[in-house]
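Participant: If you're matching them up, the sequences are chains A, B and C in order. Residues in the first sequence are numbered consecutively from 1, following UniProt numbering. Residues in the second sequence are numbered consecutively from 1, following UniProt numbering. Residues in the third sequence are numbered consecutively from 1, following UniProt numbering.
Keep in mind that a hint or two might mislead.
One copy or any two copies: either way a pair holds, since identical chains are not told apart in the list.
[Unchecked claim] Cut-off 20 Å, straight-line C-alpha distance, at most; resulting in silico cross-link-like pairs (EDC-like, lysine to aspartate or glutamate): (1) Lys-170 - Asp-152; (2) Lys-170 - Glu-207; (3) Lys-299 - Glu-245; (4) Lys-196 - Glu-93; (5) Lys-341 - Glu-330; (6) Lys-45 - Glu-62; (7) Lys-287 - Glu-245; (8) Lys-137 - Glu-104; (9) Lys-196 - Asp-152; (10) Lys-45 - Glu-65; (11) Lys-45 - Glu-32; (12) Lys-34 - Glu-47; (13) Lys-95 - Glu-128; (14) Lys-137 - Asp-208; (15) Lys-197 - Asp-208; (16) Lys-197 - Asp-152; (17) Lys-90 - Asp-165; (18) Lys-95 - Asp-165; (19) Lys-137 - Glu-207; (20) Lys-287 - Asp-192; (21) Lys-90 - Asp-79; (22) Lys-196 - Glu-207.
Treat the hints as calculated values from the structure; they're not laboratory data.
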Amino acid sequence: MQFSASQIALLINGKVEGDAQATVGSFGKIEEAKAGQLAFLANPKYEDHLYTTSASIVIINENLELRQPVRAALIRVPDAYTAFATLLSKYQELKTQQLVGRQEPVYVADSAKIGDQVFLGAFVYIGENVVIGNNVKIFPNSFIGNNVRIGDNTIIHAGVKIYHDCQLGKNINVHAGTVIGSDGFGFAPQADGSFKKVPQIGNVIVEDYVEIGANATIDRATIGSTIIRSGAKLDNLIQVAHNVEVGNNTVIAAQAGVSGSTKIGNNVMIGGQAGIVGHISIADGTKINAQSGVSKSIKQPNTAVTGSPAFDYTSALRSQALSRNLPDLEKRLKELEQLVKQLLAERVNL
Amino acid sequence: MQFSASQIALLINGKVEGDAQATVGSFGKIEEAKAGQLAFLANPKYEDHLYTTSASIVIINENLELRQPVRAALIRVPDAYTAFATLLSKYQELKTQQLVGRQEPVYVADSAKIGDQVFLGAFVYIGENVVIGNNVKIFPNSFIGNNVRIGDNTIIHAGVKIYHDCQLGKNINVHAGTVIGSDGFGFAPQADGSFKKVPQIGNVIVEDYVEIGANATIDRATIGSTIIRSGAKLDNLIQVAHNVEVGNNTVIAAQAGVSGSTKIGNNVMIGGQAGIVGHISIADGTKINAQSGVSKSIKQPNTAVTGSPAFDYTSALRSQALSRNLPDLEKRLKELEQLVKQLLAERVNL
Amino acid sequence: MQFSASQIALLINGKVEGDAQATVGSFGKIEEAKAGQLAFLANPKYEDHLYTTSASIVIINENLELRQPVRAALIRVPDAYTAFATLLSKYQELKTQQLVGRQEPVYVADSAKIGDQVFLGAFVYIGENVVIGNNVKIFPNSFIGNNVRIGDNTIIHAGVKIYHDCQLGKNINVHAGTVIGSDGFGFAPQADGSFKKVPQIGNVIVEDYVEIGANATIDRATIGSTIIRSGAKLDNLIQVAHNVEVGNNTVIAAQAGVSGSTKIGNNVMIGGQAGIVGHISIADGTKINAQSGVSKSIKQPNTAVTGSPAFDYTSALRSQALSRNLPDLEKRLKELEQLVKQLLAERVNL
Numbered sequence: 001m002q003f004s005a006s007q008i009a010l011l012i013n014g015k016v017e018g019d020a021q022a023t024v025g026s027f028g029k030i031e032e033a034k035a036g037q038l039a040f041l042a043n044p045k046y047e048d049h050l051y052t053t054s055a056s057i058v059i060i061n062e063n064l065e066l067r068q069p070v071r072a073a074l075i076r077v078p079d080a081y082t083a084f085a086t087l088l089s090k091y092q093e094l095k096t097q098q099l100v101g102r103q104e105p106v107y108v109a110d111s112a113k114i115g116d117q118v119f120l121g122a123f124v125y126i127g128e129n130v131v132i133g134n135n136v137k138i139f140p141n142s143f144i145g146n147n148v149r150i151g152d153n154t155i156i157h158a159g160v161k162i163y164h165d166c167q168l169g170k171n172i173n174v175h176a177g178t179v180i181g182s183d184g185f186g187f188a189p190q191a192d193g194s195f196k197k198v199p200q201i202g203n204v205i206v207e208d209y210v211e212i213g214a215n216a217t218i219d220r221a222t223i224g225s226t227i228i229r230s231g232a233k234l235d236n237l238i239q240v241a242h243n244v245e246v247g248n249n250t251v252i253a254a255q256a257g258v259s260g261s262t263k264i265g266n267n268v269m270i271g272g273q274a275g276i277v278g279h280i281s282i283a284d285g286t287k288i289n290a291q292s293g294v295s296k297s298i299k300q301p302n303t304a305v306t307g308s309p310a311f312d313y314t315s316a317l318r319s320q321a322l323s324r325n326l327p328d329l330e331k332r333l334k335e336l337e338q339l340v341k342q343l344l345a346e347r348v349n350l
Numbered sequence: 001m002q003f004s005a006s007q008i009a010l011l012i013n014g015k016v017e018g019d020a021q022a023t024v025g026s027f028g029k030i031e032e033a034k035a036g037q038l039a040f041l042a043n044p045k046y047e048d049h050l051y052t053t054s055a056s057i058v059i060i061n062e063n064l065e066l067r068q069p070v071r072a073a074l075i076r077v078p079d080a081y082t083a084f085a086t087l088l089s090k091y092q093e094l095k096t097q098q099l100v101g102r103q104e105p106v107y108v109a110d111s112a113k114i115g116d117q118v119f120l121g122a123f124v125y126i127g128e129n130v131v132i133g134n135n136v137k138i139f140p141n142s143f144i145g146n147n148v149r150i151g152d153n154t155i156i157h158a159g160v161k162i163y164h165d166c167q168l169g170k171n172i173n174v175h176a177g178t179v180i181g182s183d184g185f186g187f188a189p190q191a192d193g194s195f196k197k198v199p200q201i202g203n204v205i206v207e208d209y210v211e212i213g214a215n216a217t218i219d220r221a222t223i224g225s226t227i228i229r230s231g232a233k234l235d236n237l238i239q240v241a242h243n244v245e246v247g248n249n250t251v252i253a254a255q256a257g258v259s260g261s262t263k264i265g266n267n268v269m270i271g272g273q274a275g276i277v278g279h280i281s282i283a284d285g286t287k288i289n290a291q292s293g294v295s296k297s298i299k300q301p302n303t304a305v306t307g308s309p310a311f312d313y314t315s316a317l318r319s320q321a322l323s324r325n326l327p328d329l330e331k332r333l334k335e336l337e338q339l340v341k342q343l344l345a346e347r348v349n350l
Numbered sequence: 001m002q003f004s005a006s007q008i009a010l011l012i013n014g015k016v017e018g019d020a021q022a023t024v025g026s027f028g029k030i031e032e033a034k035a036g037q038l039a040f041l042a043n044p045k046y047e048d049h050l051y052t053t054s055a056s057i058v059i060i061n062e063n064l065e066l067r068q069p070v071r072a073a074l075i076r077v078p079d080a081y082t083a084f085a086t087l088l089s090k091y092q093e094l095k096t097q098q099l100v101g102r103q104e105p106v107y108v109a110d111s112a113k114i115g116d117q118v119f120l121g122a123f124v125y126i127g128e129n130v131v132i133g134n135n136v137k138i139f140p141n142s143f144i145g146n147n148v149r150i151g152d153n154t155i156i157h158a159g160v161k162i163y164h165d166c167q168l169g170k171n172i173n174v175h176a177g178t179v180i181g182s183d184g185f186g187f188a189p190q191a192d193g194s195f196k197k198v199p200q201i202g203n204v205i206v207e208d209y210v211e212i213g214a215n216a217t218i219d220r221a222t223i224g225s226t227i228i229r230s231g232a233k234l235d236n237l238i239q240v241a242h243n244v245e246v247g248n249n250t251v252i253a254a255q256a257g258v259s260g261s262t263k264i265g266n267n268v269m270i271g272g273q274a275g276i277v278g279h280i281s282i283a284d285g286t287k288i289n290a291q292s293g294v295s296k297s298i299k300q301p302n303t304a305v306t307g308s309p310a311f312d313y314t315s316a317l318r319s320q321a322l323s324r325n326l327p328d329l330e331k332r333l334k335e336l337e338q339l340v341k342q343l344l345a346e347r348v349n350l
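Whenever a hint applies, use it, and build me the whole structure from the sequences.
Facilitator: Here it is in structure tokens:
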């Protein structure tokens, strides 16, 4: 792909100085860039490179005053660094969009329905009766089980495993190694101390605009559905157990876990390594601190909690501070005991 | 597969009403089902559908009194919902059992021995001298290293990685993305601050009827074996370090971790996100609460512990409650200090 | 491969007794070994087998006094068990080194550059412009994204996923299922409560001699690089967020997590399931206890901390002990209150 200075200026709201028809096809650092490449200058410390670079186009800060003539076409923006990052990001999106077709070998069941502009990376497995929307990109080594549905524009990164019957919406991002739809952890204790597996015949529903990090696990429901609502963002290595519901725009940080059948409201923030027991509900807007252990339902919206077991944030902090000062507290108690003992002794002497 | 009403009734201990020879080949919701499908009616709210459904067979509660004639064959059971779920589960088991053969491409070393009725999904890798029993099902994208043995009826889900020399028994279920037999975390500190890897030349032995969740990790022993005993149930994202032994029918919930060389007894319950240090032993029947940190051996069977560091459950709960009330405790202490100060002052005045 | 007794003696610093030209090609237990196999005898309890074994070579302790003539060639060493383990480990290394070539099918982009003596297991994916050094071994089902660079002698185990643009050095070991370079967890809150993804356009740099366990996740930087410095050792299921830097020879145990932009010094030890918040720095030589939650920078080198929130190890232990004794503390307080109340009452009566 080739872009002209004027096209790029349009993308980043910049102003061209010099040859608006100059074109580039790739990126380079200002000190190494060659003709046909785009570079940027953000740190004034490196201004000298601007006058010697071979880059065809350079993005610079709008307030930079040139000390010499510059060979490259310039694009002036308020913040060259941010503009360059934005451009790189748009470029990557564009490249992902251009991924289309199949890298052989792939395994696609005859009964699967694949939309337009879909990318199937090498060693991707598509099971029976799978339905994949338009513009979906599935990276190599991923497994899509029977009857799974995936909506338009969703991206499945490398090595993701989605079990049979799960449903993913549109514009979802699932990162590498994540497992969706594994069996819920349900076992009925038997008289002899062994456990009998409770069949897990539900599924997982992931709604639109959800992002799920790498190596996370979301179990299928025993019966019914484990649900991740629209706009929720889940980080790496998180565990969502069977029949859990995660609300709209709820954010769960890395290594946190939610036990079975718990219902988490909308716009909840759950810190890293936090744990939530099963069969409770968490009100909208709740903030759960990292490493907290939530053992009871939180009914009041917008509550903040911390600790394990978790309770109200402000008083928990105060308790934690006092807990740290327990040696001091104990010393004060001991002194009092001495004094009272003395008073008692004196009283007897009266 | 086609099943008659009488066959189905046999499977779920039901009683046929109507045409016992009616046959079905798939499932449907009562309001959407077509001829040749099986449906169920559990909620009396939806009874109307029973009189209009096109389903060929409907499972209903035994106490339901019909208000109109029904076209479909009926199967009466104590609880239609449970019966339907049981049936669905048996159907899925049957379908898994029917998975047989290889989905090309697979990679199977010439020296591997594969039993009867085995399923190898696409992109499965089977290394040298691997021995796989009868009726084993290995889902796509899984890796079975050299010399691994897998017993009859074991199911390996998608993208599982089993390193060389590990041994799995019969009737095991390993969920997607789990790693068995990775190197134990052993490094010898060197004089210059760097670490030298201690070779990990043992293996992992998983006994019969074990279930292991998704994206879990079980390290191979330094020398000898890391062992998961018969009937143990391990949830998602759990970590079992080198040379650990997990006892019979022990249950470990999601994201818990067991450090190296620790021996866990039989029928132990370990809560989610709990951690257990290395080189200790945990008595049979111990209950370890979620997020606990066990730092010492537990010698008394059937002990319950909680907290980090973990101690006796009942007193830990009492300490936790008091810890939460520390601000109150401190206030009482301060008041006492005032009173005693006053008493002391008065004494001087005497 | 065939080895003579004198070659093996050289490898393990042993002394041959008997036929130095005796050769073996594999290992066996002393009681089962056949001609052409190597066995060892460490436990004197099994000495009888030494006189009946068919093994061609047996490793024994140097102080063992023979009661009968032995057919096998003997190699005497200070500790037969350790010597055998060392040998097994060297043998495995050798076998890994001998893995060379491609197990078809693999997917290798035309623009990729692959070094000498490289092994690509079946179903390995190598993206565009990837550069792979000499003697690199990539096990089956792994994904190497576009523009990734991997240095000499690095081993990538089965099912590893490395995203585009990441750079791995030499002599690195990455265990199965690990993800390197997934998007950092960055989302900008919007006015309507939803979140907008912040593009993650940086990469991950892993320096030489690093070991990373199984199913770990290391996110790419937002801009710039997430860096794992030379000699660091990371265990299974650990999470390293975007823009984190992990210092030289730092050790992170299983299931620990480091939040975004935190900088961890050299020779730091982080216990299992510990968590570290974002945007702080941890001094060289810090020791962080298992399950700790570090919420503030640690500036003093070689500090030891524990607890959540974490503070100084020694005083934390004292506070924890007192915390456990809170019921006792409260009892003492109550007694004092009674006594003071009594004193006050008496005073009034004076």
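Participant: To test your reading of the hints: which numbers does this structure violate?
Facilitator: none
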